[in-house]
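Protein sequences appear in the order of chains A and B.
Just so you know, we're using the numbering used here here: the first sequence kicks off at 3 and counts up by one.
Just so you know, we're using the numbering used here here: the second sequence kicks off at 397 and counts up by one.
No lab work stands behind these hints: they were computed from the structure.
This structure is a prediction, so every number in the text was calculated from the model and none was measured.
Glycine included, every Cβ here is placed at the ideal spot set by N, Cα and C.
Treat the hints with caution; some may be incorrect.
[Claimed, not checked] Beta-carbon label-pair distances, calculated as ranges:
1) B:F444 / A:V82: 20 to 28 Å
2) A:N314 / B:P451: 35 to 43 Å
3) A:T283 / B:G522: 15 to 23 Å
4) B:T398 / A:D24: 18 to 26 Å
5) B:T412 / A:R265: 45 to 53 Å
6) B:N445 / A:G5: 50 to 58 Å
[As the list claims (entries may be wrong)] Cβ-to-Cβ under 7 Å is the rule here; a few derived chain A residues that face chain B:
7) A304
8) Y324
9) G326
Chain by chain, the residues run as shown.
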Amino acid sequence: MPGRTLYDKLVDAHVVRRIDDDGLVLLYVDRTVLNEYTSPQAFAGLRAAGRRVWNPSAALMVVDHVNPTAARRTREMPDVDAARQVDYFAENARDFGIEYFDIMDPRQGIEHVVAPEQGLVMPGMVIAAGDSHTTAYGAFGALGYGIGTSDIEHYLATSTVRYRRLKTMRINVTGHLPLGVTSKDIVMEIIRRIGADGATGYAVEFAGPAVRDMSVEGRIVMSIMIVEAGARGVVVAPDQKVLDYLEGRPRAPKGEMWDRAARAWLQLRSDPDARFDREMTVDAGEVAPVVTWGTSPDQAIAVTGQVPDPENNAAAVRALSYMGLQAGTPIQSVPIDFAFIGSCTNSRIEDLREAAKVFRGRHVATGVRAIVVPGSTQVRVQAEIEGIAQILIDAGVEWRQSGCSMCLAMNDDILAPGQRSASSTNRNFEGRQGPGARTHLMSPAMVAAAAVTGRITDVRALIKEGAQ
Amino acid sequence: MTPFHCVTGTAAPMMTPNVDTDVIMPKMFLKGIDRSGLGEGVFNLLRFNAGRPNPDFVLNRDGYRDASFLVVGPNFGCGSSREHAVWGLQQLGIRALIGTTFAGIFNDNCANNGLLTISLDAATCGALADAVSDPASNRLTVDLEQQTIRIEGGDGRSVPFGIEAARKEAFLTGRDAIGSTLAFADDIRAFEARHRAENPWMF
Numbered sequence: 003m004p005g006r007t008l009y010d011k012l013v014d015a016h017v018v019r020r021i022d023d024d025g026l027v028l029l030y031v032d033r034t035v036l037n038e039y040t041s042p043q044a045f046a047g048l049r050a051a052g053r054r055v056w057n058p059s060a061a062l063m064v065v066d067h068v069n070p071t072a073a074r075r076t077r078e079m080p081d082v083d084a085a086r087q088v089d090y091f092a093e094n095a096r097d098f099g100i101e102y103f104d105i106m107d108p109r110q111g112i113e114h115v116v117a118p119e120q121g122l123v124m125p126g127m128v129i130a131a132g133d134s135h136t137t138a139y140g141a142f143g144a145l146g147y148g149i150g151t152s153d154i155e156h157y158l159a160t161s162t163v164r165y166r167r168l169k170t171m172r173i174n175v176t177g178h179l180p181l182g183v184t185s186k187d188i189v190m191e192i193i194r195r196i197g198a199d200g201a202t203g204y205a206v207e208f209a210g211p212a213v214r215d216m217s218v219e220g221r222i223v224m225s226i227m228i229v230e231a232g233a234r235g236v237v238v239a240p241d242q243k244v245l246d247y248l249e250g251r252p253r254a255p256k257g258e259m260w261d262r263a264a265r266a267w268l269q270l271r272s273d274p275d276a277r278f279d280r281e282m283t284v285d286a287g288e289v290a291p292v293v294t295w296g297t298s299p300d301q302a303i304a305v306t307g308q309v310p311d312p313e314n315n316a317a318a319v320r321a322l323s324y325m326g327l328q329a330g331t332p333i334q335s336v337p338i339d340f341a342f343i344g345s346c347t348n349s350r351i352e353d354l355r356e357a358a359k360v361f362r363g364r365h366v367a368t369g370v371r372a373i374v375v376p377g378s379t380q381v382r383v384q385a386e387i388e389g390i391a392q393i394l395i396d397a398g399v400e401w402r403q404s405g406c407s408m409c410l411a412m413n414d415d416i417l418a419p420g421q422r423s424a425s426s427t428n429r430n431f432e433g434r435q436g437p438g439a440r441t442h443l444m445s446p447a448m449v450a451a452a453a454v455t456g457r458i459t460d461v462r463a464l465i466k467e468g469a470q
Numbered sequence: 397m398t399p400f401h402c403v404t405g406t407a408a409p410m411m412t413p414n415v416d417t418d419v420i421m422p423k424m425f426l427k428g429i430d431r432s433g434l435g436e437g438v439f440n441l442l443r444f445n446a447g448r449p450n451p452d453f454v455l456n457r458d459g460y461r462d463a464s465f466l467v468v469g470p471n472f473g474c475g476s477s478r479e480h481a482v483w484g485l486q487q488l489g490i491r492a493l494i495g496t497t498f499a500g501i502f503n504d505n506c507a508n509n510g511l512l513t514i515s516l517d518a519a520t521c522g523a524l525a526d527a528v529s530d531p532a533s534n535r536l537t538v539d540l541e542q543q544t545i546r547i548e549g550g551d552g553r554s555v556p557f558g559i560e561a562a563r564k565e566a567f568l569t570g571r572d573a574i575g576s577t578l579a580f581a582d583d584i585r586a587f588e589a590r591h592r593a594e595n596p597w598m599f
């Protein structure tokens, strides 16, 4: 019998029963995180059918999408609709007996930052949640994936989802990350190469020496962002770094239970002879900082490159028109109006440290507005303790409270039509940061570089300058 | 959910690749606690210019305003998990999407609501898009029982399509998935007890 992939092992360990002969199974889901905008109709469905939640203790509810991020935090929501969503969210938490972090809770933040922070995400789990970026948890050796509202309701009522096994793709990252190149650049380069549907129908395993060298936070960035190539699940074999991240977290096991869990977790890996449906290799040493030029995350180039000729591709022509760019323009000459550092992809303490290195001793360029939205209230506190917040404030950056904010601009952090942003987020879709807004995706350090120069900039030049 | 058997209606071509759920349902329409009002939201920034119908958008053109089907480009529905996109398409009257590939979460959301997604090979899908681009041949009959798409005008040709048996059955019956799963409650409880014994730290 050939070896099994880690993905297959996690699925096998969670199959409750077969549903049909075509591979549809009932899959047990260990945990979920709920937000205020994709969950209301699921709870309404439970109420209408008179159903209870199968295991309320396996869920956590966190407000993150619609809340303001103004520096002085209050309970106020930006509009009546957001207030109604948050009120209904609280009512559902109370009526169904689910733990709830409201906006004033010191543990509040973006769901995918908060769940690992609390130690709720453990290797070997299956975690499904109503947000596409649930793949974040792959970084811990858990199978995480996004579901819609109907499946949230199904999960809440049964602790299971109906599941069809995915094909498997292993992405090996070799070599060493050059100075100024981050995990964000690696994953953006992968998406550029395989396309926005290059991993559709696949579960991705990230492997290779560069992934082993990467911090858990760096792996989270890759696990989240590969969704933009269509990946429906992500896994990374857990190692000592994952254990070090988890040990001592509020919900992590303690004492003898920790020892047992840790031993089991370190066994979780693909067998050496496991076969993947597809394999690809990327040499990290050859990757330069990456920037998007279009309205799909795969429309990207190295920061040293030029806006490509769309030739006769109607989608590329439309993207250039929307972005207000001409073919042949060096991407580094493009001026920005706005710089945003935040989102589940890049708002952790490590991201803020990288940004602070660039902002230190520099100032946001005239005419540019820069905001930093930490991924959680705990990240905010940590950044204040480390002096990062003061570096940002001294550089003229707005230091905000946590939330999803301008990643999808559901709250009051929204761009005006035609405004151009350098953004550490994951999606550059038309209208994503506001109707008519133009988004260039890049790493947090690259956003900081753009903020201080006022145009898209190769951060490596600033790092060299800073070193002299 | 609404069952799907055999539906005849207008099909509109929308062959742009990677149409994401932000484009299908912009953020301004995500702040409800129920499913109402999403028909107005669907493709809102493409359908309207400053509140007036955009004459260039296919669903505002003569012969396509009452579309029941969209023939779409690859990776339709990528991006955000928002099921509001599916509810909105249904509220606009869309019963089936015909394309090559659909994004994973979106495809599941469609199935959970009875919005049929049909995957064809690229050449067949392209030919169908060409046919429905002419209002004289943009009426289709999608027959799920027979697994065929028939072009009502033009040459009247019929295109077969594949679908997994369980998915087909779910669309035909429109059954409540939660109710069906709860029939397995004993299996879930037994699994849970075993899983807890093996991984006590997870509970």
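Please flag the earlier hints that this structure goes against, numbers listed from lowest up.
Numbers 2, 3, 7, 8 and 9, in rising order.
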